[in-house]
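Student: Here the protein sequences come in this chain order: A, B, C and D.
Oh and the first sequence: position 133 is 133 in the numbering used here, straight run, nothing missing.
Oh and the second sequence: position 6 is 435 in the numbering used here, straight run, nothing missing.
Oh and the third sequence: position 204 is 776 in the numbering used here, straight run, nothing missing.
Oh and the fourth sequence: position 219 is 1067 in the numbering used here, straight run, nothing missing.
It is possible that some hints are incorrect.
Said to hold, decoys possible - Keeping only pairs whose Cα atoms sit at most 25 Å apart, straight-line, the calculated BS3-like set for lysine-lysine is: (1) D:K862 with C:K845; (2) D:K912 with C:K844; (3) C:K589 with D:K863; (4) A:K339 with A:K259; (5) A:K165 with A:K216; (6) B:K488 with D:K963; (7) C:K845 with D:K853; (8) D:K912 with C:K674.
Simulated from the structure, these hints should not be mistaken for laboratory data.
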Amino acid sequence: MLVKRFWKLITLTIVIIVVLIAYFIQTSLVVANQFPELELKTISGDESVIKNIQISGDYYDQSNYSSAVMVTDEGSTYREKLSYFEYLEATFPPNEVASFKDEYRNFMRNKWMSPSSYFDNEEYLAYVGVDVATERFNTIYHHDYFFEVDVLNKTTNKSNAFKIKVPGQADYSDVQVMDVQLVNGELKVVTDIGYYHNEQHVYELMVYTIDLSTNKITGDDTLLAVENNEEGDWDGWTDISLLNDYRDISEQKYLLLQKSENKKPESVSQESHNEDGVVEAGWGVTDRAFFLYNLETEEFNPINLSDIHRNELLSTDDVTGHMNDSHAYITYVIEGKLKVLDIRLDDFSVGSDIVFNWDELDISDATQVKMNEDKIYVMERFKNYKDPAKVIVGDMATGDLLYEGEIVMKDVDDETENYELQFYNMVIN
Amino acid sequence: MVRNESLRKLGVVTMNIKFNNRDPVYVQVIQHFKEQIATGLFEPGQEIPSRRELANQLKINPNTAQRAYKEMEEQGLIFTERNLPSRITRDEAVIKTVREELILEAVNTFIASVQSINVPLDEALDLVKDNFDKAKDGQEGDA
Amino acid sequence: MMSYLKLTNFELSRFFKMYLVLIGITLVMQTLSVVWTANNYLGEINEQLSSGSTVEEAINGWGLFSFDFITRGFWFSAPILLCIASLLIYVFFIWYRDWLGKNTFAYRLFMLPTARLNVFLAKATAIFLMVLGLISIQLVFLTIENELMKMIVPNTFREDLTINEIINGFDYLRVLYPVSFIQFFINYGIGFMAVIVVFTGILFERSFRWKGIILGVLFSGIALIVFFLPILLHETILNHFFYPTELFILMLISGLIVIAGSIWMSNYLLNKKIRV
Amino acid sequence: MIEVKDITKKFGRKKVLNGVSFTANKGEITCLIGINGVGKTTVLNAIMNLTPINSGEILIDGNKINKDSYEKITFIPDAITMLPSMKISDAMTFMADFYNAWNQTRADELLSFFKLDANERISSLSKGNTAKVNMLLGLALDVDYLLMDEPFSGIDIFSREQIAEVFTSHLVEDRGVIITTHEINDIEHLIDKAVLLNDGVVLREFNAEEVRETEGKSIIDVMREVYHA
Chain A
1 MLVKRFWKLI TLTIVIIVVL IAYFIQTSLV VANQFPELEL KTISGDESVI
51 KNIQISGDYY DQSNYSSAVM VTDEGSTYRE KLSYFEYLEA TFPPNEVASF
101 KDEYRNFMRN KWMSPSSYFD NEEYLAYVGV DVATERFNTI YHHDYFFEVD
151 VLNKTTNKSN AFKIKVPGQA DYSDVQVMDV QLVNGELKVV TDIGYYHNEQ
201 HVYELMVYTI DLSTNKITGD DTLLAVENNE EGDWDGWTDI SLLNDYRDIS
251 EQKYLLLQKS ENKKPESVSQ ESHNEDGVVE AGWGVTDRAF FLYNLETEEF
301 NPINLSDIHR NELLSTDDVT GHMNDSHAYI TYVIEGKLKV LDIRLDDFSV
351 GSDIVFNWDE LDISDATQVK MNEDKIYVME RFKNYKDPAK VIVGDMATGD
401 LLYEGEIVMK DVDDETENYE LQFYNMVIN
Chain B
430 MVRNESLRKL GVVTMNIKFN NRDPVYVQVI QHFKEQIATG LFEPGQEIPS
480 RRELANQLKI NPNTAQRAYK EMEEQGLIFT ERNLPSRITR DEAVIKTVRE
530 ELILEAVNTF IASVQSINVP LDEALDLVKD NFDKAKDGQE GDA
Chain C
573 MMSYLKLTNF ELSRFFKMYL VLIGITLVMQ TLSVVWTANN YLGEINEQLS
623 SGSTVEEAIN GWGLFSFDFI TRGFWFSAPI LLCIASLLIY VFFIWYRDWL
673 GKNTFAYRLF MLPTARLNVF LAKATAIFLM VLGLISIQLV FLTIENELMK
723 MIVPNTFRED LTINEIINGF DYLRVLYPVS FIQFFINYGI GFMAVIVVFT
773 GILFERSFRW KGIILGVLFS GIALIVFFLP ILLHETILNH FFYPTELFIL
823 MLISGLIVIA GSIWMSNYLL NKKIRV
Chain D
849 MIEVKDITKK FGRKKVLNGV SFTANKGEIT CLIGINGVGK TTVLNAIMNL
899 TPINSGEILI DGNKINKDSY EKITFIPDAI TMLPSMKISD AMTFMADFYN
949 AWNQTRADEL LSFFKLDANE RISSLSKGNT AKVNMLLGLA LDVDYLLMDE
999 PFSGIDIFSR EQIAEVFTSH LVEDRGVIIT THEINDIEHL IDKAVLLNDG
1049 VVLREFNAEE VRETEGKSII DVMREVYHA
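If we strip away everything but chain A, and leave its shape as in the complex, we get (with noise of 0.2 Å):
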C-alpha cells in the first residue's frame, strides 16, 4: 500500500541512487585502471641505497590522460588518483620541503612551495621569497620588489617575520631567490637580478646579506654579471648561473659559479634553453669559467681547471654542479662517460677524475644527476614501453656502480602501450 503509494518517490529515489552509485564505482574503476603501476626494478646491486629516493615526473598516455607520478621503491604514486583531500592539499609531487607542511603547519602558511627559498638546519628553518608591487603610470609599469623573509627558531617555536625592498636604483624586471643561507646569525640570500641598462639586458648574482637581530639588509654582494645585448645583431651570449643543486636546503658554506661565453654558429639560429638555465645545443660554448665563493668570508675564488678538462667542459652541454662539507663536485658527460670533476675546498685543488661509462650502462644523455653524502644518483629523463628509464647510483670516492635499475611498468598488457613518461625530479630523503 505505501509502495503503491508512494511509488514515484521509490521509484525515483531508486534510480538516483542505483544509477549514481553505479556510476562511481565504474569512475573509480576507471580512474584506478588509467594509469599503469610502475616500480624501480633492480637489476643489479644493493636496492638498500634507493631506499629514500622519490623519482617524479608526468605521465602521457595517447587518449590524453596525464598525471604528475611519483616513482619509489615501493611502487608508484599519481597525482589524478589521489583522493580528493590529498589532490586539494598536496604538494605533488612531494619535493624537498613538502614535508615541512606537516611539521611546521603555521609557519608555512601562505609560503612558496620552491626549495631554493628554504634554509634548513637542527635550529631554524628560514624562508625567503620574493613579493612584487607593481605600479602602472600610462603605459609603464613600475615594478618594486620585496624579500619575504620568515625564520622560525625550532626550539623556541617563534617566528621572526618581515618584509623588505630589494635595494637598488634599477627598475628590476626580474627578482629571484637562488638560495638562501643562514650564517652566524646573518641570512645570506642569493638572488638571480635582471633588468634593462642603457638597451643592454643585465644579469646580476647577489648575495644579499640580512641582519636577523635588526631585521636590515647590511650588505651587498655582487658575485658575477652579465651585459648582453638585446638587439637582433648579436652574434655571442654570456651565461652566468649557480651550480649548487637549487633544491638543496641545508647548511653549504660555498656557491660555485660558472660563466661560459656562447657563440652563435653559423648554421644554427634558433635559441633553445632547458629548465635549468643552461645551454642546449645549438651553441658553441667558447668559454667557461668556474668560481667558489665562501659565504662566511665573502672570498671569491676562480677555479683553476688543467686543459683537457677546460677543453672536454667547452664541448659538452650537460654541465652540473654539486657540494658538500669538504668538497665541490662538477659533472659533465662526454664521449658516452660521465665524468665528475673533484675539487678541494681547502685549497680549490682538482683531484683525479671519476668516470662511469654510460654506454656500459645505456643511459641516454638527458639525465639528472644528483649527489648525496657521498653518493651519486644518476636518472634517465625519458621513458617509454620499449626503452625503460634507468637509475644508477654510484659511489663517489671509488667511483664504483652500486645501484642499476629500471622504472618499469608492473602487469603490463598491451593497451598500454602507447605511453610516455618523463621525470624531472629526484628527491633523496
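Given the structure of chain A, go ahead and fit chains B, C and D onto it with the hints provided.
Tutor: The following block gives chains B, C and D in isolation, referenced to the frame of chain A:
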C-alpha cells in the same frame, strides 16, 4: 399558513413558516405551534420534530429552535419523556388556554382595527358574520 | 516525517507528467541526433568510397566516428538545456503555482496540520530529486545511445568511448558528472543551497510582495557573501592564510550556515509573515 | 471560543483592520457582516494565520494558533483550495491523507447530499458544484470551528438553498461557525450573532434574537442604522 392533513408524514409534522424579520424567531415558532394546537392540526400527544429537524425544516438557527422548545416546555405546550421525542401536550386545560389566548388575541386585533375606523359594533359584527361564512365556504371549496 | 514524505510525493506528482515529457523529449531528440549524426557521417564516407577512395583514405579524411561527434551537436545538448531551463523555472513556479489562478492551493498547504516548514522542505526535496533523477536518467540514456551508435556505425569507422571518456570530452557534462564523489557532492550541494536561498527569496516576496523582492534580493546577497566569506577573507585581508583543506572546511561550514540560516528564515516567514 | 482581541492590519499604508475585537462561541453561528472593503476575509485569514497581523491577539480556546490547531479549526475560503486537475475523489483522498479529523462517512454523506460525482474533475465543475466541493472538504473535517468566507456569493439559488440547509443540519451541530457575508438575506434566521464591520472597525456586535426581542429590529434594520449613521 394553511396546513393539510396530507402533509403529516409518519407522525412527523412538516412545516413551513413565513417569518418576519423583526420579531424574535423563537416567538414566531411558538406562535406557530400555538396556532397549530388551537386549530387541532397538532393533536394532543402527537410527536413533533426534534430541535435539529425543526431548525432544518424552517431554515432557522438550531439554537433558536432549542429556545422555542424550551419555552414551550415551560409553558406546558409540549413535553418530553426521558429520551423519547417531544410531544404535544395532552393537557386539555392548556390546549383550551392556548385556544382562548389566540381567539382573544384575534379579537383584540379586530377591535383595535374597527375602533380605529369608527365602525359601530353591530354593523361590524354583521359584516363579520357574512364574510366569515363566505371565507369558510371558499376555503373548503379550494381544498 | 510522514507528512514530509507525503508532501514530497505530492509535489513530485504535480510535476510528474511534465517531468516525463522532459525525459521523453530528451530520449527522442538525442536518439534522433545519434541516428542523424551517424548516418550523415556514413553518407560522407560512402560518397568518398564510391568515388574510388580506399577505406584508409576515407578515415583519414573524415576521422573515426566517436560519440563526441554526437555530444558536440546541438540536438544532443538542446534537451539537456531544456531540462535545466525547465527545472530552473520550476524552482519559482513550484511556489507561485500555489497562489496563481482561482484555486489558491496555498490555502490548503498552509492549513495542513503539520509544520509549514515541511511544505518548504518537500518542495526543495522534490526539486532536488527531479534534478538528480534527470541526471541519472541522462546517464542511462548516454549508455543506450552509445550502444545504438555502435549498432549503426561499423567497427572500422568507429572509435569507441567509455561513458567516462564521453563525459570528459565535453565541458558541461563534466560539471554535471564530476569524477569524484566529493566533487559531485560539492556541485550539487551548492545547487541545493542555491535552491534553498531562492526559495527563501520567494517567501520574502510572498510575505511582503514588492518590498519583499528587495528583501529577497538583499537576503540572497547576504547569503552569497556569507558563503564566499572564507574565500573573500582568504584572498584579501588574510593574505592566503588558509590551506586548501581548511578553506574547504570553512566553505563547508559557511555553506551549512547559509542553508541553516535560509531554512530558519523560511520557517519564520512561513509561520509569521506569509500571506495567502 | 475564538477570541479576536484588538487586531490591526495594514496593507501598505492602508489600515484594513483597526482594532477589531469580537468573540465567536462554540455551538453558535457568528456572522461577520460588512457591506464593503476587504476586512472580513482578512479577519478569517488572520484567525487561520494565513496573513500576519500588525498587532492584537487571536486565541482559539485560549491558545494561539499552531499546526495542531488545524485539526480543530478549518477555513473554507470563497475559492476552492484544491488543484483543478484533481478529481473530487483525489481531493478527498488528499484530505484523508493529511487530517486525522477527516470523517469519511460524513464526506460520503455530503457527496450524496450535494449530488456530486466523485469522479468528476474539479476543473470541469460548475460554479455551484465547485462551491459545494469546497464546502464538503471543510465540513467533512471533525473540527470544533468552521470559518466560511462568503459561502453564498456568486452561485445559483438552488445551490444556495442546499448550502443554507447545511447550516441547520447536524453537520454544523455544536460547532462554532464564523461566516462572512455582505448580504444578510439568505441567512437572516440562521445566525446567532452578527458582527458589523466597516472601515476596519467593529461597529456593533449583537445577538440577532436579542435585538429582535428587545428592540424589535431586524438585522437589516440594525445594519441600516449603523451603516447610515
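Student: For every hint, state whether the structure bears it out.
Tutor: To see whether the hints hold, each was checked on the structure:
A threshold of 25 Å between alpha carbons decides the hint, and for K862 (chain D) with K845 (chain C) the separation of about 17 Å falls inside it, so the pair holds. Proposed proximity of K912 (chain D) and K844 (chain C) is supported: the alpha carbons are some 12 Å apart, at most 25 Å. Only pairs whose Cα atoms come within 25 Å are accepted, and K589 (chain C) paired with K863 (chain D) is rejected, the gap being roughly 44 Å. Straight-line distance between C-alpha atoms of K339 (chain A) and K259 (chain A) comes to about 19 Å, which keeps the hinted pair within the 25 Å bound.
For the given pair, K165 (chain A) sits about 10 Å from K216 (chain A) by alpha-carbon distance, which is consistent with the 25 Å threshold. Between K488 (chain B) and K963 (chain D), the direct Cα distance comes to roughly 20 Å. Compliance with the 25 Å bound is thereby established for this hinted pair. Between the alpha carbons of K845 (chain C) and K853 (chain D) the distance comes to roughly 19 Å, so the proposed pair stays at or under 25 Å and holds. The suggested pairing of K912 (chain D) with K674 (chain C) is violated, with an alpha-carbon distance near 29 Å, which exceeds 25 Å.
Consistency note: the structure conflicts with the earlier hints numbered 3, 8.
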